[in-house]
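**Student:** The lines below spell out each chain.
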Amino acid sequence: MALLTVEHVARIEGHGTISVEVENGEVRDITMDVVEPARFFESMVVGRRFDEVPLITSRICGICSPNHALTSVKAVEAALGIEVSERTTLMRKLLVYASYLQNHATHLYVFAAPDFVGLPSVFPLAETHPEVVERALRIKKLGNDLTALVGGRPVHPVTAVIGGFTKEPDPWQLGIFADMLREVATDVAETVSLFSAFPVPDFSTTGDMLALRDDKDYAIFDGETVSLEGGWRRPAAEYREFIREEIVAHSNAKHSTVDGRTFMVGSLPRLNISSDLLTPRAKDCLRAARIGIASRNTFHNNVCQAVELVDASERCAGYIEDLLDMGGDTTPVPYAIRAGDGVGASEAPRGTLYHSYSIDDDGLVSDGDVITPTAQNLANLEADMRAFAPTVTDLPREEFLLAIEQLVRAYDPCLSCSVH
Amino acid sequence: MAPRVVVIGLASDFGCQVQMTNIEDHLLEVLGLIDLTYWQLASSGHMPDEYDVAIVEGAATTQEHLDLLRRVRETAGVVIAIGSCAVTGGISAIANAAGIEEGFALVYGERGRVALGRVAPASVVSVIDVDYIVPGCPIDTDEFLHVLSRALHGLRDKTPRQPMCFACKTRENVCFFEKGQLCLGVVTRSGCHARCVTLGRPCTGCRGIAPEANLPAARIVFEDHGFDAERALSYISLYNTNEEVVL
Chain Y
13 MALLTVEHVA RIEGHGTISV EVENGEVRDI TMDVVEPARF FESMVVGRRF DEVPLITSRI
73 CGICSPNHAL TSVKAVEAAL GIEVSERTTL MRKLLVYASY LQNHATHLYV FAAPDFVGLP
133 SVFPLAETHP EVVERALRIK KLGNDLTALV GGRPVHPVTA VIGGFTKEPD PWQLGIFADM
193 LREVATDVAE TVSLFSAFPV PDFSTTGDML ALRDDKDYAI FDGETVSLEG GWRRPAAEYR
253 EFIREEIVAH SNAKHSTVDG RTFMVGSLPR LNISSDLLTP RAKDCLRAAR IGIASRNTFH
313 NNVCQAVELV DASERCAGYI EDLLDMGGDT TPVPYAIRAG DGVGASEAPR GTLYHSYSID
373 DDGLVSDGDV ITPTAQNLAN LEADMRAFAP TVTDLPREEF LLAIEQLVRA YDPCLSCSVH
Chain P
83 MAPRVVVIGL ASDFGCQVQM TNIEDHLLEV LGLIDLTYWQ LASSGHMPDE YDVAIVEGAA
143 TTQEHLDLLR RVRETAGVVI AIGSCAVTGG ISAIANAAGI EEGFALVYGE RGRVALGRVA
203 PASVVSVIDV DYIVPGCPID TDEFLHVLSR ALHGLRDKTP RQPMCFACKT RENVCFFEKG
263 QLCLGVVTRS GCHARCVTLG RPCTGCRGIA PEANLPAARI VFEDHGFDAE RALSYISLYN
323 TNEEVVL
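Sequence lines, in order, name chains Y and P.
Be aware that the first sequence starts at 13, since it is given in this note's numbering, and climbs by one per residue.
Be aware that the second sequence starts at 83, since it is given in this note's numbering, and climbs by one per residue.
Below, a list of computed lysine-lysine pairs in the DSS-like style, where the Cα atoms sit at most 30 Å apart: (1) K251(P) / K240(P); (2) K153(Y) / K240(P); (3) K261(P) / K179(Y); (4) K251(P) / K179(Y); (5) K251(P) / K261(P); (6) K153(Y) / K179(Y); (7) K179(Y) / K228(Y); (8) K295(Y) / K228(Y); (9) K153(Y) / K295(Y).
These are calculated hints, taken from the structure and not from any lab test.
Sequences are here, hints too, so could you generate the full structure?
**Tutor:** Given below as structure tokens:
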């Protein structure tokens with residue numbers, strides 16, 4: 013029996029190792045070993061003041077930090093019974109969705125694209141295909157700059173606090189970004205064309221798909237959890253009842269199931285559940301991408317991310333128009349400290365994110381729980397690897413492992429998130 | 083020959099490495115100055131045996147990290163520690179307050195086969211000598227470029243040693259203590275241009291204690307505004323759990 017491994021898989025966030033056991037040319041077992049060390053965030057928050065929680069738990073992930081910061085803010089607000097203004101909610105959506113531009117552009121161009129052109133990294137493309145690298149940097153930079161405009165900096169927002177925002181961007185600056193978001197339309201549409209042109213294996217994921225659904229808006233920051241296969245819809249605040257987490261021996265990240273099945277979260281499930289709510293241009297791009305309206309092909313997650321870039325650029329421009337028109341205030345609302353439990357949920361770039369906290373009479377945290385998108389995806393990712401590997405065993409060893417790596421990267425896993 | 087650079091991530095949220103990728107405007111210029119030989123986040127390929135500059139993010143939380151850091155120190159001519167986790171232990175070190183074994187039990191229960199080889203989170207600076215630091219949570223992209231540039235030119239570390247209050251005053255912010263809010267600018271290392279305070283949020287101390295901070299005087303400031311030493315130290319511990327801070 014031979015053991016093939018890819019140690020510290022490149023171009024993903026965090027450290028993980030793929031182990032494949034092969035016997036007589038057949039794959040006996042395959043695992044994704046998350047070696048990224050655990051940081052015990054759930055123990056860190058216990059005993060800390062409620063208003064320190066978003067500061068601490070936003071450090072679970074420097075890549076989708078606006079999501080972690082604001083989802084924990086929402087959980088604390090739910091525990092303390094704080095209602096924020098409509099304007100604050102809209103600003104939060106803008107902050108979270110702006111970070112999608114940065115996240116998806118980075119994953120697509122820096123992490124995924126090199127696979128499709130047979131390169132170790134994106135850097136050589138700077139010489140051979142400068143227009144592609146420049147396009148990637150334009151989208152990523154716009155996402156960063158907008159995140160920084162609203163949140164104060166691109167990583168770990170400063171201004172988004174419990175109850176509101178400590179500072180708002182100048183209206184004229186927001187207006188400039190609305191224009192820039194419209195100008196990036198060609199870049200994001202070309203991203204969809206580029207990724208839908210890359211050939212991907214014919215494959216169907218093994219598990220269910222889950223995402224938040226908000227009937228009024230493409231679900232980013234609100235909504236209920238929907239199971240595509242299970243056909244059910246439940247309040248996200250009940251996540252601890254429908255998501256079962258288990259410790260597995262080979263991984264520092266726990267594995268999750270719903271209804272006894274593994275499941276996928278992220279762009280592909282989101283589009284499957286809410287494509288009717290996409291912006292007009294994003295709908296056009298999705299149709300042109302010809303991936304099928306209800307694709308179950310994990311590899312299509314990349315194209316779906318590209319479609320979300322189109323949606324994010326158009327929708328964020330709309331959010332800005334609304335902010336400029338609506339008036340209102342984002343100054344943090346006053347609140348009193350009281351005991352309570354609260355759950356926050358949002359759609360992060362990689363899927364649904366849940367935070368929950370219990371707060372005591374003195375405002376100190378007595379319990380915390382976080383389930384990240386990648387922690388939900390890992391069991392399904394392994395099930396997919398087991399289903400996919402036998403279809404590529406004819407490939408030479410290097411290409412075989414690369415095919416498995418590509419499947420892993422299609423999930424855009426964030427292992428530092430997964431272990432937290 | 084361009085200096086061979088490796089980027090190493092220990093236990094962290096990768097935020098500082100993300101900030102490194104956020105140098106869009108200067109990315110191609112920087113890549114022209116260095117030979118980037120290993121960066122797991124951005125490129126396939128193995129960590130080489132020889133290199134000139136090591137950029138290290140994160141805190142050491144496993145025996146493997148400790149061994150790796152010692153090898154890095156023997157190999158690299160220049161080591162740059164980036165981010166709070168690497169410089170003071172940062173948020174990662176909060177786990178030490180509750181105790182690592184207690185944290186393990188809370189998160190994983192009593193099952194013992196995961197998170198093997200775990201050690202108490204430690205900053206890079208506390209494990210090996212480093213040549214340059216870029217403090218902050220996350221690092222500031224411009225400061226990182228500035229330090230990298232000094233490192234490549236062999237210039238000495240010039241990280242500011244004063245407390246952040248000095249920078250805050252030049253930005254003409256109203257002091258948070260005047261508004262009845264606790265702010266750590268009075269003890270925290272400068273160099274961030276008072277970003278958070280200027281954006282309306284008190285300093286949380288992410289850059290660590292300023293070497294030139296007057297801690298006894300800071301205690302008086304805290305107490306005069308209604309925050310006893312215990313409250314102040316608790317707040318300071320957000321980014322300084324591993325540091326000995328006596329007010």
